[in-house]
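Peer 1: These protein sequence lines are chains R and L, in that order. Note that our numbering has the first sequence beginning at 1, numbered continuously upward. Note that our numbering has the second sequence beginning at 1001, numbered continuously upward.
Hints are supplied without guarantee of correctness; some may be wrong.
Stated by the list, open to error - Calculated lysine to aspartate or glutamate pairs in the EDC-like style (CA-CA distance at most 16 Å, straight line):
(1) R:K250 with L:E1110
(2) R:K461 with L:E1139
(3) R:K250 with L:D1130
(4) R:K232 with L:E1139
(5) R:K250 with L:E1126
(6) R:K435 with R:E401
(7) R:K364 with R:E397
(8) R:K270 with L:E1148
(9) L:K1129 with R:D252
(10) R:K250 with L:D1109
(11) L:K1151 with R:E323
As the list claims (entries may be wrong) - If the Cβ cut is set under 8 Å, some of the chain L residues that face chain R in the computed set are:
(12) R1073
(13) I1103
(14) F1124
(15) A1127
(16) S1132
(17) D1145
(18) D1190
Unchecked claim - According to the in silico footprint, chain L covers these stretches of chain R (three or more CB under 8 Å from chain L):
(19) 28-38
(20) 78-90
(21) 111-124
The set of hints was computed from the structure by calculation and includes no laboratory data. Just so it is clear, CB atoms sit at the ideal spot from N, CA and C, and this is done for glycine as well.
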Amino acid sequence: MNEKLVQVFSPGSVAVIGASNSFDKLGYHVMKSLTGNYHGKVFPINPKSDRVWGLASYPSLEAVPGDVHLAVIAVPARMVPDTLHACGRKGVRGVVLITAGFREIEDDGGRVLEEEIKEIAGQYGLPIIGPNTFGFVNLSSGVNASFTSEFSRIERGGVALISQSGGICHLCGFLAIEQRIAMSKLMSLGNRCNVDFPEVLTHLVEKDSSTRVIALYIEGLDDPRRLLDVAKSLRGRKPIIAYKAGKSEKGDSASRFHTGSLAGNHAIWKGALRQAGILEVTGTEELLDTAKAIDSCSLPGGTGMAVLSGQAGPGMIASDALEPAGLKLSRFSEATQRRINDLLPPIAIRTNPVDMGPAWYDPKNIIAILKAVIDDEHTDGVIFLAMYASANLNLAEGMVEYMKAADSFQKPVIACFTAPPGIWDEPIEALDRKKGVAILPTPERAVQAMANLWKVSSLSKGRGVKTWDR
Amino acid sequence: MLGVDALAFLEKEGFPVLRSFLATSEDDAAGKAAEIGFPVTLKLSSPDVIHKTEADGIRASLRDESEVRQGFRQIVGSFATDQPEKRLEGVMVQEQGGGVEVIVGMATDEQFGPVLMFGLGGIFVEAMKDVSFRLIPMEASDAKDMMEELKGRQVLENPRSGSVDLPAVQNLLVGISEFITHHPEIREMDLNPVFVSSHGARICDARIMVL
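Chain R on its own, in the form it takes in the complex (with noise of 0.2 Å):
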């Protein structure tokens, strides 16, 4: 299964059975996603006409010359499993099957009709991703097999999302569009006929060298144990952070135990992802901050945080969060003051949370300062907040320049710049993702995906974390 999932989400070759001209049908969409940017060879299959999307048709997947890797189908459900036989005899690697109208419907016939394409996949060892799926996006190597091809425009990077719902995917993408989110895939896993969280966990560990964080999406599984094994057996690999969608806490209620009537299904569901080492995140803002922050950052080694701001009250609110989310304000060593001292005149507070104030228009100041509480040893992150003013209109833009010279920051900075839009567009783009930098919308977003970093470096080294709930 894990060396052909390898060529299935990296295919040299791709045919689309279904393929059509017209935008009313799923094949269409499909070719539109295929023919943008994909380098690979892109077979429609259509046994109605000679070309489909400019590309030369097939009336089967027998006519196709060579090896197809990916098949996509988007046929009625009713033709699927002689669809998969054909894919079979092919040798096709595996198959993303958009088509619905399985397990997921009221109609006992497609609980029967999915049994009956799981046993053909069993009969060929054939991987099928979905069925009900939109299909995948894996922007590391340039393939999207899904029905929305701008999802092609999210930016290559290395936050994996695998979903159990398209729906999930279709909200996070676009929002990975707008807040510079950088993925390696996208992927909604559908029905999970053959493809489920373990088998996808373990590939994008052990075979995606472009995933750095691995962000997944649950709403129910029959056998949670054996994703949460497989994690268990991943960890300290990757990061993996969930976010569990049906929140039940009815326990037991026939139970006449203390424990069976707590026993609710989410409170099992906590324990258990703490125990296999994954991260609960409890809302899609909170998941996107997460692995934004993952993908940019180095991982803290304590609670220690400085926070520097350019204006009093952003940085009374990041400080007034660190407590609550197990963090805490940093004291900085003799040392590292008199180096602040020296760029900050005694107009300031330049204890720690640092009024930047006036420094602002100087930024070559700005980050030698951020240097060093970053060279302090009592700091293991920074909260950097920039409000744009009138006057410190080049703020952003010195702050580029300087950085361009700059190494890496080996502990994790996380930054607000919030100016109008148009105005800091490209600087912060430039900035965002950069050197063990990321940039969130708000000085307390900021500091929960500090905590939150804080939190998988200890999951990672298997220790416990103090803070959990508070």
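Starting from the structure of chain R, add chain L where the hints point.
Peer 2: What follows is chain L alone, placed relative to chain R:
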């Protein structure tokens, strides 16, 4: 399995329990109390009663033989008057426990199979649902995390009197996890309360459901 039976079973398996005997007469109770040493607690023992407090079935901190005799008579008397339809096995005479009360339990979940629960006893578990779970089997580090996860963990870290033997709690959690791994026939279990003092954890009451 309830009360004395459950405690005897757990003791046989090597778990720390408060010394407990079932007494069927006043003289018997007085004798058992002397054997254990004072103070002792008396508890109603009936297969039909779950909440002993509500049935007026508990007398704690009894300091001598006369208090034990009086307690025995009161428990049996009010039980016979208030709940004549229910069966009475006797009265449990138990070594007096002390320290922080915690709950250790296990349940069998449809999807997850056996899971272990830890929480602070009394109001914390009933009203606040301040508990943590782990899948069985689990390791010693998981047991430590279970304790640290509780919102009320400061009760364990900084109790008002004395210190709390956290390693003993950890040993108990790991021990129960191992025990359940080897006994899949056990479906549900409440060890509630378990008293944790500065020197050890002792199971005070237990209920076990065996398939």
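Peer 1: Of all the hints given earlier, name the ones this structure violates by number, lowest first.
Peer 2: 12, 14, 15, 19, 20, 21
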